[in-house]
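> Sequence:
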Amino acid sequence: MDFKKILMEPKYDFIRKHERLGARVILLGLGGSYAYGTENEDSDIDFRGVALPLVSDLLGLTSFEQYEDGGTDTVIYSFQKIVKLLLECNPNTCEILGLDEEQYLIKSAIGQELVDNSSLFLSKRAAKSFGGYAGAQLRRLQNAIARDSMSQSEREGHILKSVQNALDDFGRRYESFAYGSVRLYVDTAVTDGMDTEIFVDAEQKHMPLRDYQKMFAALNSVIRDYDKIGKRNKKKDDNHLNKHAMHLIRLFMMAIDILRCGEIRTRRTDDLELLKKIRNGGFQNKNGGFDAEFYQILGDYERRLKEAEKNSRLPDNPDMEKVGAFVESVNRRALQEGFCEREAFGD
Numbered sequence: 159m160d161f162k163k164i165l166m167e168p169k170y171d172f173i174r175k176h177e178r179l180g181a182r183v184i185l186l187g188l189g190g191s192y193a194y195g196t197e198n199e200d201s202d203i204d205f206r207g208v209a210l211p212l213v214s215d216l217l218g219l220t221s222f223e224q225y226e227d228g229g230t231d232t233v234i235y236s237f238q239k240i241v242k243l244l245l246e247c248n249p250n251t252c253e254i255l256g257l258d259e260e261q262y263l264i265k266s267a268i269g270q271e272l273v274d275n276s277s278l279f280l281s282k283r284a285a286k287s288f289g290g291y292a293g294a295q296l297r298r299l300q301n302a303i304a305r306d307s308m309s310q311s312e313r314e315g316h317i318l319k320s321v322q323n324a325l326d327d328f329g330r331r332y333e334s335f336a337y338g339s340v341r342l343y344v345d346t347a348v349t350d351g352m353d354t355e356i357f358v359d360a361e362q363k364h365m366p367l368r369d370y371q372k373m374f375a376a377l378n379s380v381i382r383d384y385d386k387i388g389k390r391n392k393k394k395d396d397n398h399l400n401k402h403a404m405h406l407i408r409l410f411m412m413a414i415d416i417l418r419c420g421e422i423r424t425r426r427t428d429d430l431e432l433l434k435k436i437r438n439g440g441f442q443n444k445n446g447g448f449d450a451e452f453y454q455i456l457g458d459y460e461r462r463l464k465e466a467e468k469n470s471r472l473p474d475n476p477d478m479e480k481v482g483a484f485v486e487s488v489n490r491r492a493l494q495e496g497f498c499e500r501e502a503f504g505d
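The sequence shown finishes on residue 505 if you use this note's numbering, and the numbering steps up by one all the way, no holes.
Warning: the hint list may mix true and false statements.
Unchecked claim - Estimated spans, in silico, between C-beta atoms of each pair:
hint	residue 1	residue 2	range
1	Asp369	Ala450	36 to 42 Å
2	Lys480	Pro168	25 to 31 Å
3	Asp345	Lys169	49 to 55 Å
4	Ala347	Val213	41 to 47 Å
5	Asp350	Leu216	52 to 58 Å
6	Asp160	Asp396	27 to 33 Å
To be clear, the hints were calculated from the coordinates, so they are not data collected in a lab.
Just so you know, these numbers come straight off a predicted model, no measurement behind them.
Note that the Cβ used here is the ideal one computed from N, Cα and C, for glycine as well.
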């Protein structure tokens, strides 16, 4: 598929014409299944990129985090935001720096510098970041399977485990969570139409309000996703289920590469046989769940991730002095009048 030709279609004119994009875009590449190499005939085309800030973003009162175009599944991050996300080894942004050369549609000199300096952002944080995203994928899998195969009381117990996992993830991310306690448990329901339901005993003191809001938003997200009402379309649901399973394993693969090799490998060339088998339903059983072999593979990757984290030569945290020097260098150039235009056109 000729992605550069696709990029020239009128529906992508916003990349060329928007004041925050155009010559300010330093990287633009494939995202999603086409980036990983796991695409099929139903896959959407996703583009992901990075744009330099305006002078007013750095010296004035304007700000910019990202540009999203839902019609084309395009997301372009500001340089400032992607740096913050990369420092946390955020999977959705790390993969932008690990594409194969032909998967980049735009790469300026500064874009190349960002790719060349990707190691500045890699640390053992990848274990928790990628592991957290993998955990979210696993909960989606478990929720989808449980929704169709368990009684109401059994489902409530399953939701409890998912919510507790989300709470554990929150506890790892926010130190202020230690300022209190949250106890979740299943008991006889007081809500009509339910036999049992989840209850909560919570006590928090001197907890930042925004962290409090984020904690309950995380828990609410699990409940909302689980309780979505809709008519079951078995083929569509199975496709989504297999896609979640594939991405679950892919996240482990990428995290292990980062921790073992200090490299971001977005396209899973050596792993495509396994990933495509998962996506194509090769591990689904007749009950709509997954067979024992899949869970053995999952357990093996969970073990390998722990081992990779333990033995990794990566630092616990990025070297902020080096990252700061790189960011300052880029921002100083972004402040120069006409710099983006000169770089884009090679002057």
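> Next, verify each hint and record whether it holds.
Going through the hints against the structure:
In this structure the supplied range 36 to 42 Å holds for Asp369 paired with Ala450, their Cβ-Cβ distance being about 40 Å. Range check, Lys480 to Pro168: Cβ separation about 42 Å, and the 25 to 31 Å hint is violated. Asp345 and Lys169 have their C-beta atoms about 53 Å apart, which keeps the hinted 49 to 55 Å range intact. Ala347 and Val213 have their C-beta atoms about 59 Å apart, which leaves the hinted 41 to 47 Å range violated.
Range check, Asp350 to Leu216: about 56 Å between beta-carbon atoms, so the 52 to 58 Å window is met. Separated by about 31 Å at the C-beta atoms, Asp160 and Asp396 satisfy the suggested range of 27 to 33 Å.
Violation of the numbered hints given earlier is confined to hints 2, 4; the remaining hints are satisfied by the structure.
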